[in-house]
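Protein chains: 2
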Amino acid sequence: MAMSCSSFSYKLIATQGLARRGRIKTPRGIVDTPTFMPVGTQATVKAMTPAALKDIGTQIILSNTYHLYMRPGEKIISCANGLHRFMGWSGPILTDSGGFQSFSLGKLVKISDEGIYFASHIDGSRYMLSPEKAIEIQQLLGSDIMMCLDECVAYPSTKDYIKNAVRRTSMWARRCLAARSEDRALFGIAQGGVYPDLRVESAQEISGLPFEGFAIGGLSVGEGRSFMLETLDATLPYIPHEKPRYLMGVGTPLDIVEAVARGIDMFDCVLPTRNARNGMLFTRNGKISLKQVRYKEDNSPPDCKCNCYTCRNFTLAYLRHLFVSHEILGSILNTIHNLYFYLELMSDIRHSIEENYFDDVKKYIREVYND
Amino acid sequence: MAMSCSSFSYKLIATQGLARRGRIKTPRGIVDTPTFMPVGTQATVKAMTPAALKDIGTQIILSNTYHLYMRPGEKIISCANGLHRFMGWSGPILTDSGGFQSFSLGKLVKISDEGIYFASHIDGSRYMLSPEKAIEIQQLLGSDIMMCLDECVAYPSTKDYIKNAVRRTSMWARRCLAARSEDRALFGIAQGGVYPDLRVESAQEISGLPFEGFAIGGLSVGEGRSFMLETLDATLPYIPHEKPRYLMGVGTPLDIVEAVARGIDMFDCVLPTRNARNGMLFTRNGKISLKQVRYKEDNSPPDCKCNCYTCRNFTLAYLRHLFVSHEILGSILNTIHNLYFYLELMSDIRHSIEENYFDDVKKYIREVYND
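Chains as they are written, first to last, in this note's numbering: chain F, 3 to 373; chain W, 3 to 373.
In case anyone wonders, no lab produced these hints; they're calculated from the structure.
Misleading hints may appear alongside valid ones.
It does not matter which identical chain is used: a pair holds within one copy or between any two.
To be verified - Straight line, CA to CA, 25 angstroms or less: simulated DSS-like cross-link-like pairs of lysine-lysine: (1) Lys307 - Lys293; (2) Lys48 - Lys293; (3) Lys307 - Lys289; (4) Lys165 - Lys112; (5) Lys365 - Lys289; (6) Lys298 - Lys135; (7) Lys109 - Lys365; (8) Lys298 - Lys56; (9) Lys293 - Lys161; (10) Lys165 - Lys298; (11) Lys161 - Lys109.
Small disclaimer: the values here were computed from a predicted structure and weren't measured.
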C-alpha cells in the first residue's frame with residue numbers, strides 16, 4: 003500500500019533573486035544545495051573509490067536503476083544489504099528511474115502505458131520497467147531519493163508525441179506514488195519538451211502530487227542552452243518553492259550557474275567524470291586538454307588555486323604523460339580534480355547566495371565558461 | 003669521473019638457514035628486506051596513487067629506464083626535478099637499466115659491445131642504450147638504486163651466445179661503474195642462462211666489482227621454477243653476503259619464498275598488479291578469479307583475514323560486478339589488495355626469519371601456492 007515519507011526534509015536557508023541556498027536532510031546525511039551529484043551509473047563513480055569521494059566532500063551521488071537492474075541485478079544488490087553496502091558508499095544516493103533510457107537507448111526500447119520494454123544493451127535480453135517495477139527496484143536498492151518513472155522524449159519530437167508523453171508521465175507519477183511501500187523520498191519529474199504550454203501543464207500536474215521534490219526532465223538532450231533556459235523560465239514558476247528542484251543530467255559550469263540563477267537546487271552530469279577520462283580538465287581559467295603538446299614540460303599544477311589531491315601533488319606534464327600513456331592513474335587523478343572543481347563551484351555558489359554575491363560568481367563563470 | 007656511493011648501506015639483522023632478514027638505508031628512506039618492489043614502469047604503479055602505495059606500506063618501488071627514456075623522455079623528468087617529484091613518490095626508487103628490454107623487445111633490438119639499439123615500441127624511432135647512457139639516464143631520473151646495463155638473453159639460447167652475453171655484461175658492468183658521477187647506489191647484474199659454470203663465472207666477475215648490491219638477472223624468462231632455483235643454488239655462494247641480493251622480475255608467492263630460502267633479499271614483479279587488472283586475486287587461501295560465476299552473490303571479502311582497504315570495505319560480489327562491467331574501480335581495488343597481499347607476505351617472511359619460523363611460512367606457501 004502507498005506510503006508517505008517522513009524521513010526527508012528540505013529547508014530554504016537564503017535566496018538571492020531566484021537563486022536558492024538550502025539544505026536537504028536524509029537519514030543518511032545532509033545535502034547542502036545547490037548540489038552536484040557525481041554519477042555512479044554501475045554502482046561506482048568511475049575511477050573513484052568511496053574514500054576518494056568522501057575526501058573531496060561529496061555529499062550525495064546518483065546511481066542508475068536501469069543499469070543496476072541489467073547488471074548485476076537488483077536481487078544481488080538487495081542480498082548484499084542494498085546499494086550502499088554493495089558499493090561501500092554510506093552517504094545519500096539518488097537513483098534515477100530508468101526513464102531516461104527510454105530516450106538514450108533509442109531503438110532498444112518500446113513504450114506503452116504499461117511501461118518501458120527494453121532489450122538489454124549488454125546482451126539483448128528483455129526487461130520491462132513499469133512505474134511499479136521502477137519503485138520496487140529502487141526500494142530494493144535502498145535508494146534515499148527515488149525518481150518516478152517518466153517518459154523522456156528525444157529532441158526534436160512532434161508536439162502530439164510529447165503531449166502523450168506528458169499524459170503518460172503524469173499517470174506513471176500517480177502509480178509510482180501508489181507503489182511506494184517504504185519511508186523513502188520520491189521525486190516527481192515534469193516533462194514537456196521545449197513547448198512552454200506542455201511544460202506548464204506537466205509541471206502543474208506533477209506539482210499537485212505529494213512528492214518530496216520535483217525534477218525537470220527531458221532537457222539537455224540536444225535542444226541547446228537557450229531553449230533549456232527558456233524552458234526553465236517557463237516551468238519553474240509552477241514548481242513548489244518549499245521543495246528541492248532538480249534539473250536532471252545538467253551540465254556544464256555555465257549551465258549550472260544559469261540554472262541556479264533560475265531556482266534549481268540539484269544537478270547531476272557525467273561531464274566532469276567522462277571528460278576526465280578523455281584528458282579534459284576544468285580549471286578556474288577554463289578548460290585544459292591534456293592532448294595539447296604545450297603541456298609536455300609544464301611543471302605547474304592544472305589549477306594553482308585548487309586544493310585537490312591532484313593539484314597539490316602533480317603537474318600538467320605528469321598528467322599529460324599519464325594520459326598519452328593510457329595509464330589508469332591519469333583517469334583517477336583527472337577525475338579527482340574535475341569532481342573537486344565541480345563541488346568547489348557548488349560550494350562557491352552556496353556561499354555567494356548566502357553572502358549576496360552570486361551575481362559575481364555567475365559573471366565569472368559566464369566569462370570563463372562561455373562556450 | 004667515477005664516483006663511489008656513501009649514502010647507501012645494508013645491514014644483516016637475522017638469518018634462518020640461508021634466509022636473511024636485513025635493512026637497506028637510502029637517503030630517501032629505509033627498506034626492510036626481504037622486500038618486494040611494486041613495478042611502476044611508466045612512472046606510475048598501475049592503478050595506484052602514491053598515497054595508496056604509502057597506505058599499504060610500500061617502502062620502495064621500481065621504475066623502468068627504457069620506458070621513461072622513450073616516453074616522456076629523461077629530459078622532461080629531469081626538468082621536473084626528477085622522477086620522485088614527477089610521479090609524486092618520495093620514497094626510494096630502484097630503476098632497471100633497460101637491459102631486460104634487450105630480451106623482452108625481441109626483434110626491435112640489436113646488440114653490440116657498444117650498447118643496445120632499440121626501435122621504440124611506441125613509434126619505431128631509434129634509441130641507443132650504452133652502459134654510459136643507461137647510467138646518465140638513471141642519474142637524470144634521480145634513481146636511488148641504479149642497475150647496470152646487462153644483456154638479458156632469451157631462454158633457451160646456445161651456450162656460446164650466453165658466454166658472449168656474460169663477457170659483454172662484465173665489460174658493461176665496469177663501464178657503468180666508471181660512468182657513475184653521483185653518489186647513488188649501483189647494483190651489478192650476474193647473467194649466465196641456466197649454465198652453472200657460466201653463472202659462477204658471471205657471479206664471480208660481477209662480485210669482484212665495488213657495487214652496493216648484486217642482482218641475478220636473466221631468470222624467470224621461461225626456464226621454469228626448478229631451473230631457476232638450481233641456478234640460484236649454483237650462483238648465490240659466489241655473491242657477497244654483506245650486500246643485498248636482488249632476483250630480478252620474480253615472481254609468484256612460491257618463487258619468492260623459495261628464493262628467500264636461498265638467500266635473496268629483493269624482488270620485483272608485475273604479477274600482483276597485472277593479475278589484479280585481469281580479475282585475479284591472491285589470498286591466504288589461494289588464488290581467486292573474479293571471472294568465476296560462483297562469486298556472483300558472494301558477500302564475503304576476498305580474504306577475511308586481510309586488513310586492506312578492499313577487504314575491509316568490499317565483497318567478492320561487488321569486485322566481480324566491477325570486473326565484468328570493466329570498471330576502473332575494479333582495477334584499483336584489486337591492485338590495492340594484491341599489492342597488500344605481497345607486502346604482507348614479505349612482512350610475514352621478515353618476521354618469521356627474526357623469530358625462527360620461516361620454515362612454517364615456506365611450508366604454508368608451498369601448500370597454498372603450489373602451482
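Here is how each hint holds up against the structure:
Proximity of Lys307 and Lys293 under a CA criterion of 25 angstroms is satisfied intra-copy only: 22 angstroms inside one chain copy versus 44 angstroms between copies. When the C-alpha separation of Lys48 and Lys293 is checked against a cutoff of 25 angstroms, the pair qualifies both within a copy, at 21 angstroms, and between copies, at 20 angstroms. In this homomeric assembly, Lys307 and Lys289 come within 25 angstroms of each other (Cα to Cα) only inside a single copy, at 15 angstroms, whereas the closest approach across copies is 45 angstroms. For the identical chains of this complex, Lys165 and Lys112 are intra-copy neighbours only, at 17 angstroms inside a copy versus 72 angstroms across copies, given an alpha-carbon limit of 25 angstroms.
For the homomeric pair Lys365 and Lys289, the shortest alpha-carbon distance inside one copy (17 angstroms) is at most 25 angstroms, but the shortest distance between copies (57 angstroms) is not. When the C-alpha separation of Lys298 and Lys135 is checked against a cutoff of 25 angstroms, the pair qualifies only between copies, where the shortest distance is 23 angstroms, while the shortest distance within a copy is 51 angstroms. In this homomeric assembly, Lys109 and Lys365 never come within 25 angstroms of each other (Cα to Cα): the closest approach is 41 angstroms inside a single copy and 59 angstroms across copies. With identical chains, the CA atoms of Lys298 and Lys56 are never at most 25 angstroms apart, being 31 angstroms at best within one copy and 27 angstroms at best between copies.
For the homomeric pair Lys293 and Lys161, neither the shortest alpha-carbon distance inside one copy (42 angstroms) nor that between copies (48 angstroms) is at most 25 angstroms. With identical chains, the CA atoms of Lys165 and Lys298 are never at most 25 angstroms apart, being 53 angstroms at best within one copy and 43 angstroms at best between copies. For the identical chains of this complex, Lys161 and Lys109 are intra-copy neighbours only, at 20 angstroms inside a copy versus 65 angstroms across copies, given an alpha-carbon limit of 25 angstroms.
The structure fails hints 7, 8, 9 and 10 (numbered hints given earlier, in ascending order).
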